[in-house]
Structures are given as C-alpha cells and as structure tokens.
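Trainee: Letter by letter, the chains look like this.
Protein chains: 4
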Amino acid sequence: MRIGLLTSGGDAPGMNATIRAIVRTAIYNKIEVYGINRGFAGLLEEDITPLSVYSVADILQRGGTILRTSRSDFFATDAGVKKGAAVLEEYGIEHLIIIGGDGSMNGALALQKLGVKVMGVPGTIDNDLGCSDNTIGFDTAVTTALDAISKIRDTTYSHNRINVVQVMGRKCGDIALYAGLSGGAEALILPEVETDLDAICERLLQGKDRGKLHSIVMLAEGCGNYRDYCVKIEERTQVTTRGTNLGYIQRGGSPSNADRILASFMGYNAVLSIIKKETGCIIVERCGSYLGIPIDEALKMPKIFRQDIYDMASVLSI
Amino acid sequence: MRIGLLTSGGDAPGMNATIRAIVRTAIYNKIEVYGINRGFAGLLEEDITPLSVYSVADILQRGGTILRTSRSDFFATDAGVKKGAAVLEEYGIEHLIIIGGDGSMNGALALQKLGVKVMGVPGTIDNDLGCSDNTIGFDTAVTTALDAISKIRDTTYSHNRINVVQVMGRKCGDIALYAGLSGGAEALILPEVETDLDAICERLLQGKDRGKLHSIVMLAEGCGNYRDYCVKIEERTQVTTRGTNLGYIQRGGSPSNADRILASFMGYNAVLSIIKKETGCIIVERCGSYLGIPIDEALKMPKIFRQDIYDMASVLSI
Amino acid sequence: MRIGLLTSGGDAPGMNATIRAIVRTAIYNKIEVYGINRGFAGLLEEDITPLSVYSVADILQRGGTILRTSRSDFFATDAGVKKGAAVLEEYGIEHLIIIGGDGSMNGALALQKLGVKVMGVPGTIDNDLGCSDNTIGFDTAVTTALDAISKIRDTTYSHNRINVVQVMGRKCGDIALYAGLSGGAEALILPEVETDLDAICERLLQGKDRGKLHSIVMLAEGCGNYRDYCVKIEERTQVTTRGTNLGYIQRGGSPSNADRILASFMGYNAVLSIIKKETGCIIVERCGSYLGIPIDEALKMPKIFRQDIYDMASVLSI
Amino acid sequence: MRIGLLTSGGDAPGMNATIRAIVRTAIYNKIEVYGINRGFAGLLEEDITPLSVYSVADILQRGGTILRTSRSDFFATDAGVKKGAAVLEEYGIEHLIIIGGDGSMNGALALQKLGVKVMGVPGTIDNDLGCSDNTIGFDTAVTTALDAISKIRDTTYSHNRINVVQVMGRKCGDIALYAGLSGGAEALILPEVETDLDAICERLLQGKDRGKLHSIVMLAEGCGNYRDYCVKIEERTQVTTRGTNLGYIQRGGSPSNADRILASFMGYNAVLSIIKKETGCIIVERCGSYLGIPIDEALKMPKIFRQDIYDMASVLSI
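Residue numbers (the UniProt record's numbering), protein chains in the order written: chain E, 1 to 318; chain Y, 1 to 318; chain X, 1 to 318; chain A, 1 to 318.
Since the hints were derived computationally from the structure, they do not count as laboratory data.
There are no misleading hints in this set.
Since the list gives no way to pick one copy over another, a pair counts as held whenever it fits inside one copy or between any two copies.
Derived lysine-lysine pairs resembling DSSO-like cross-links, with alpha carbons at most 30 angstroms apart:
hint, residue 1, residue 2
1, Lys83, Lys113
2, Lys232, Lys208
3, Lys208, Lys30
4, Lys83, Lys30
5, Lys212, Lys30
6, Lys277, Lys303
7, Lys212, Lys232
8, Lys276, Lys300
9, Lys83, Lys208
10, Lys276, Lys117
11, Lys212, Lys83
12, Lys303, Lys117
The shape of chain E in the complex, shown without the other chains (with noise of 0.2 angstroms):
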C-alpha cells in the first residue's frame, strides 16, 4: 500500500513529531508514504516525493514542518479538488493523511466526496476544534505565552505597570484561557465571556489596593487589539498601561512533551486506522483516548468552553 502526507494550514509545533510517528509506523507495516509539500498547493502542482525512515530523523524535536504548508485558493474550487484527486491516483496513493486545522479538514471532505481516502489528524495551535480535547501545537503555544508573560512580568513589576498580553487563537480563547491560568493572569479577555471591562478595571483597582504592584491581563485575538485595550484601561485604573502582541513566536519553537506525546499517540494511531480499513476519519484526543470520528461529524462538534477552568483561575488570581 502507499498512502500519502501533507500538512496544510497554519504551522504548529509537532505537526514534524506527527509526520515522523506517521511515516515510521507506516514503513514499520511495510506501507509507503509519499510526502505532499506545501499542502494542497503542491497536491496540484505534484510536489511530491517519497519518504523514508531517514526523512524523519532528527525532526521530532523541530517545530515547523519539513512538508511545509500553505492555503491554496484554486484548490477550494471544484476544478482544484478534482485536480488533486487525479494527482493522488496517478501516483498510486491510496490513502491521504491531511495534518490540519478545520480548514484543512474540509478540504479533506472535499476529497472523500470524489471517492479519495482520507484521514484527518488536528494539528493547530488555536485548540479550536470541538472534536478533540487537545490539538497538536496547542500545549505549546501556552507554554511560549508562559515564558513570554514570565518576561512581561518582570519589567510590569518593575514599572507597577498594567500590561495587556495579546496571544493568537482565532476565534477560540483556549491560548488565552490556559496561559492566563498557568502564567497567574490578573484579567482574562476571551470571546467567549462577554468582556465587562469596567468589572475588570475596577477588580485590578483592588488587586492594587489589597498591594498588588503590576498586572497581566490576557487578551485573546479574537477579542480585538491590544493596542484599544492599552488605551481604554489606562483610562479607566489611571495605572500607566502597556501591551504586547505575541505574534509569530506562539507559531514556532520545539514542542513540548505534551505536544511530543499527542502528535505520536496520533500519527502512530491514524496509520493503525488505516490498517485497519477503516476511513473517512479525523483521529481525536478525547480523555486521554485516541479515537477516529468521522470527518463531517467531527466538524460538527461545538467546542465548549471550559467555563470551569475560566471560573478557577478568577479563585486563583486574587
């Protein structure tokens, strides 16, 4: 059997620790693997090369992915899709893993609607997806936000300042909900808890009060900029305000072991799937189980806000 591999979208952390777990159990179970560069973009242009054990040596400890990635506009069309199924069959790929977030997941089922073989693995920092309780990279951007608000902290101290951290996410407040927790945030700002920002001056006014020199507020993208938060705080608490984007470092850095044992469990289990004949699905992390769930369904799923967690770090920032 020869199946093949990209990686599609936004770049995560151990999306090169997945490819590696993915082509190691493949040729483990005398199974080809053909690797796609630059997504579904170098579907169509038939950028595509075999891969052996020794492609993925020494990449499991490397953020980025060797595949590279992209968003391919002429793919979303149906001309596109039907290229790409053409492509895969004249290669002889039988199965198709797709290592991505949502975007990459329709793409997926844009495929398995013209009959092509899919699996779908969630690799993408923003934790967005309903279906699984944690995504590949995810563990990893919190822990970068950590480090970086360790530093943040350090010069809001020493300036009894306020500063607003600003992480990515998309439209999910995870990023922001976990590294508030774990960094020991004053103030969370996420989309999914209407922002009362008077509620939330008036409480870092206490947290001062009660002699608390500086704060951390976490700010979610999906919130807005930090740069209106900045300006609207410093209003209101009359405490000297200063922000920060994270930006592109939440991207990149070597995952984490969380992120290392996630991106294995799944790469290792999307190819026993396949052995197992089974399709058409996107492996999940649900209470520490690795499951495949179909692709459309999976979709579906909301993801709910882990309001308990939200709740907590109120208690444990006091």
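Chain E is already provided as a structure; the job is to place chains Y, X and A on it using the hints.
Mentor: Leaving out everything else, chains Y, X and A in the frame of chain E:
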C-alpha cells in the same frame, strides 16, 4: 474553619503552584490556612505559620516548595503520630492537606486513624501512584530529561557514540518511558520490562548498519546504575559508550504548563472537597477529571504499566 | 558610611544582579546601603529602606529590579533636584549609586552639580552608551531576540515567507545587529546604516534563487515600524511577508551568564571606587576591564557603530 | 585555492557556528572548502567531502559538530602524521583549519613540521588555553551549568541541604569559577586554589547561622569526585549533603549568544588570515580583539587564573 497544609517527602516542581491554589481557594471561601514547614518534622516541632493571599504571590512559577519538606523518623512511630495529632488540635487545625508521594500518604493514613481529618494531593516526579494518571511534577521532570537528552544527543552524535541516560523514578519507569518516547531514544531499560541486553544491543547495531550514527539509551534508576550498562553495552556493541546520571536537576525547575494546570486543579479541588465535607481522600486525575478516592483504597491500586506507549516507542524509534 | 542605591529609567535584566553585588560588597566593607524605591520619584517621596545581605538573597537570577523604577517629571526641574539632594542629606546618604541609561545619568549629573556624590552604573538593554563596550541587560535582550528568531524561523520556513522582526534599541541598532549576526538573519535594517530597501529585496530574491526557502529581516525600532516594511518588501519581492514586534519580552527574563558577570563586576567596582574615594564617575567596561570615567565626559563619548560586525554579518548570511 | 576543515577532540557548542563562518567566508572569497569528517581519523581514512554554502545552512544554532570528531591513536605516530600530510596533498588541500583544544593544536603542529599549512581555532568548553581569553563553547557550558544550578537550588532549598555540583573543565576550574559566580554558589572548589575543606565548611555553617537554608558548592572535576566531597562535607557540617555530576549535558545544547559571536569572529578571521597569507597561527581573542598567534608560542602561554573573579565571588556570596 482553619486548615493546615504541608509538603512531605521528595519535593516536586508544581508543589508551589499547588500551595498557591490551596491557599487562594481557601481564603476565597473564608477558610484560614496554616502552613506547616518541613513536613511532618515541622508539625512535630510546631513550625507553623498562617498563610495569606500574599504568602503565595509570585510562587506559581517556582520549583521546589516554599514550605520545604523532610522525612521524619519520629513521625513514623506511634508516639510521633500522636504528637502530630495533638499539635494540630492545639492549633485548631480541623483539616490537614498533605502534598506528597506514597510515603506521605501513609503518614496521612496514620493521622486519620487517630481521627484527624486529612486530604492528600499526589506530588511526586516519579508518577508511581496507581490511583492517578499523573502526579504533580512528573511532566516537568520529563521535560527536564528531554532538554538533557537533546544536549547529550549533540555530543553523542558528534562522537558517533552510545550514551546511557539514567533518570529518576525509583521503582517506576515512567520518567524513562515518557522521556524516551518524547526524546526519540533508541532503547529503553525499565523495571516494568524484563531487560534483554543482547536484544537491545542487536537493535542498536542494526540501527548503526542502517546508518544511525549514534544512540541514546534511557535507563530508569530502578534497573541499576548507568556505569554497569555502559560497560556491558560497549562490550557487546564495540561502540564507545558513555553515560550520564541526570541526578538532582530532575527535581527542580519551573513547572511546565501541564504541571501548573494539574497542580491548580488538584489544589483547587482539594479545598472544594473539604468544603463539601469530604475527608480521608486523595485527589486524583483520571482521564482529565479530578476526583477524591479514599486514601487506603487509592494506595492499594496497582500502577498500570503503559505497555502501549512502550510498544509505540519501539516502532517510532526504528 | 552610608550609601544610597536606585534604579532608574527603563528596567533591564541584570539590574537585580547589580543591586546584589553593590549591597553585598558594601556590607562586606562595613558600608550601610539604603535602597531607594522607584527611582528619582521614590527619592522625592522618601520611599527609602535599609537593605541587608538578605534583602538581596535569591535575586541574582531574576529579571527586573526589586527596587523598581520610574521616570519623574518633577525631578527634571531644578526644584526637583534640590528636593532630591535634601532628602539624601536628611537620610545621611553620603554617596548615591544610580543604575540606568543615559537619561538616568543626566539625573546623576544634576545632583552632582548640587554637591551630591554620585556613581553611575550603565544598565540598559539598548547598549547605546559610547563609554562602555557593553551595558547591563544587552546580552540578555539579544538572547531573548535569538530565541524569538528561532521560533519565528520555524513558521517562516514552513510557509516559505519573509518575516520582519522588530526589536528595541531606541536610536541604537545594536540589538538588531547582534541578534541578526547570532540568529543568521538574511538582512539587517539599522539606524546607523542608510537603508537601501531595493538592494535588500534584491539580496533576498537572490537568496531565493539560490534555494533559500525563507528569510528573516531584523529591524531596529529606530528605523520605523515593521508593518510598513512588510508592505514594501512584499510589494518588491512578491513573497508573502509577515512581521513581529518582539515588544516587552525583550525587557524581562533571567539575565544571561554574560550579563550576570558584567553586573557583578560593575556593582562590585562601583563600591570599590567609592571606597577609594572616587566619585562622579560611571563604571564602564572597556575591552574586558572595568574603570570609572567622569560622568559628563562619558556622556559625550560617541557610540561607535560596529561596521566590522555589520560587514561580517553580510558575508555570513549569504 | 582550496582549504580543508576539521573538528577534533571533545566537541563544543559553537563548533557548527564556526564551521558556518569558515565555509561562508571562504566561498564569499572564492576559496573552496573541503570538510574532513571525524577529525584526524577521518583525514587518514580520506573521509572528505566538499562543502557548499548550503552544507552549512541551519547549523548556526545547533550544538555538536556536523563534521563530527574523534581522537586518533594512529595519527599520534610519525607514520600517522605523514599519512595525513599525504592525504591533504592528494586532495589538493593547501591549508588546513583545525577547530579544537590543545590536543588538537598539537596535531596541527605535527602537520606543520611536515610543511603543511595549518590554522587553529580554539574550540573547547574547558577554557583552558592561556592564549585566548575565551574558547568556543565555554560560555554555553557555563550557561548550561547555570540552568542546572538553578534547578538543583530548588530542591536543595526545599530540603535545607547542601548540594555539591560537579562540572567539567579537566585541569581548569573556569567552568566552576564562572558558573559559581553567576549562579551565586556559596563555595568553590577549584584546582587553581588550594582547598581548605574545614574553612569551606565553617563558611557554610556561618551562612546557616545567619539564616541561609541551603548551600551550593561548585566542584571542578580537576579536584576529584563529588561523592567524596559529599561525605566529607556532611561529616563536618552535620547537614545532609547531596551531589550531582552534570556530565555530558555540558557538552551539548544550542550555543549562547556570546559563543555564536565568538565563533563567527574566529571562523571569519581564520579565513581572512589565510587570505592575508598568514599560516601556522591559532586565532585568539584578547580583550575583544581577534588576532593570530603562532601555534607553538600560543601553546606555551600559561593559563592565568582569574584570582580577581574568585575573590569577587567570595564577597558576593556572603
């Protein structure tokens, strides 16, 4: 209400995050917290101070335990336990929270037999408790081991050698198992798996034949000392073999994101359990949920070896 | 004797290591040290406390400044300086050590004109003082930028993009220059070198022709904002160009080894100079030696641009 | 012109940055570079390949050496050196650059006696060369030791213990000296200073009397094994004493900023020296400048112990 809090046995990264969670959740709920320094030894010597919201400021990210810890021979006697119970009564401490490993939980049980209300929180880098999927400090210890493996790999590659990396864990191989998986170790020597050194050496030589220029062997301390393995492996493979015992660096360091989340949940839930009138439990994590299990039952639960991870690690390191 | 100590202006990693060195060297030599909180503002408000050997325990490795810092508008007036001198006299402080950048040194000069004995220590991440080869905090800021570049490179590579990384430094390009050299940036935009964006873009395209799949452009904040450069570079190269402003993470973090050594030497020598009856000097590092230079002279020394490093960086990034 | 390049002896972080600087500076100046794998052993076995600009892409930040290294017994004989010289001639290599420590420089001298043009670059974590203020890899090794000390301090504090931290350096105490200063160690045991263990223990006990709850003792490997010191210190102080040998982690890791700058300068200047028709030199750093010194002279220069740093460290760790 007034509760007491101590850390006992070997320290673990995340103990401070747990202390912070307990103190803040308690105070938020109008419960007083007394910190008992140096574990049971400090209890016997009445080394006890009230803790405030500020006592635990700026400790979330710090390794070790601000309460410090110890092992007490006297506390292990009947007279010792009796004295401990008396001190708690004298200070009006109605409920004692103990953060530590299985030895510390036995201390908790001893106090409970004298009618003291106790609550346990599993804090140990060894991850050797059958009752909880994860213990506080384990992920950080694995993360430290990963960083060390990465550094050792640089020099091992440069010299085309084998390096045996010895990690902690007492009788449990989990640090070696998880760091071996995440670090891409070429072989694992664990107390849970019978070691066939000839088979391991053959595997290393096969890797060499296929072009691997170096190998890392993870050794759990429960299987013996790295020096003996270096000699035996070098004899069998004729490849220069060096070794490293990571030692005490594994006990320290800023807790990882995973450990901060675990510590926050466990500390928070320990206090919520007390508020719900539960007692005599150890707070455990099972498949992402947090619950209390009676300590005596919890201590009897066998630690299940993750054969699936071991098998996966074998496949992924070909 | 009694000396005073304050940190002023922007904070820098290693200020705490400097404070520790000053306090311990002073106490070792039977000199009392009073810490003045929040820079000149705290001096005017008499926010002053004696420091002991223990006040500075466990701060060597911490970013920021335990004395905190500020900018004071009132201190910049004649009345302000006079008030400052009076407070010092009232507290019996015979000699004032000021850790900060050039603005802070101007404050020192103003006090000196009123007869106050002052000693300066150059603490700023910008490395913008002509008098000293290195300033405290600079190596750590470059180290932080390196870590960020490494992460940004992962995602920039994965998408075959250009990324413009904006760093601090005010009018000085040193953070960009050194981080660019150490991080292997493909182009540098510095205030000290006239920017020929066409030439830079041509160079990036030549790299692409030779097979470079991505590029990092270091931008010193003295040259403008990364957003403008992204637009211009994307226009000229037709390569997707993203950007990141590292922002406040550059001000924090545990000081690097080089900064700890520099801070220790400078703090130690500041006190030794006072003991030797020197005054009105700033402690500088020149070619590995530490000496005191009169502050007014020191401030007039032009900062020499390291053209040799710029040229070397051009060659090494081909 | 064609030059050869090898790394020899113990590997050091920054060797790859040096290789990159040499290859790129050479190619920029139209000089061919041949990489000789595995040091002198690879020279004798003709394990030689041409290097291009791309051979050294993405290695600046990596520990170890892509050319790998070794020690060769045969090369140490007259016949070995003769064979080496013959191989170089056969490959048309006019000038050989050797990156390594003093043993490697002796190999360079042996080749030079046979008329081979050689150039040395000091790469060793030990910083044990009298001719150069710093050697490539030293700052990174100290940085790794600092990180380890910080982790060990967490657990040492938590248990109120003493911990003896053994570091590398062969007969040179510089890693212990600098890491001791930067890490705030309470005592240093160095080969350059006669050890008075009674005085050290008294000092540790005085610290305890003044309230220090734990102590770190830095031990240079040139003074013996940490286990012996643990026993003796525990005997004398009656404080529980543990120890850690940092081992091979000190040889690896991504080079620090200081090492990348040093490596870039040294590699760049090695090639510029060859272009200027210099030969038989080792490139050294003296007070921030880079120059070539004849190898035989350079090897005779005594390593000067930095008594001033030792004295300063004593004062700062009170």
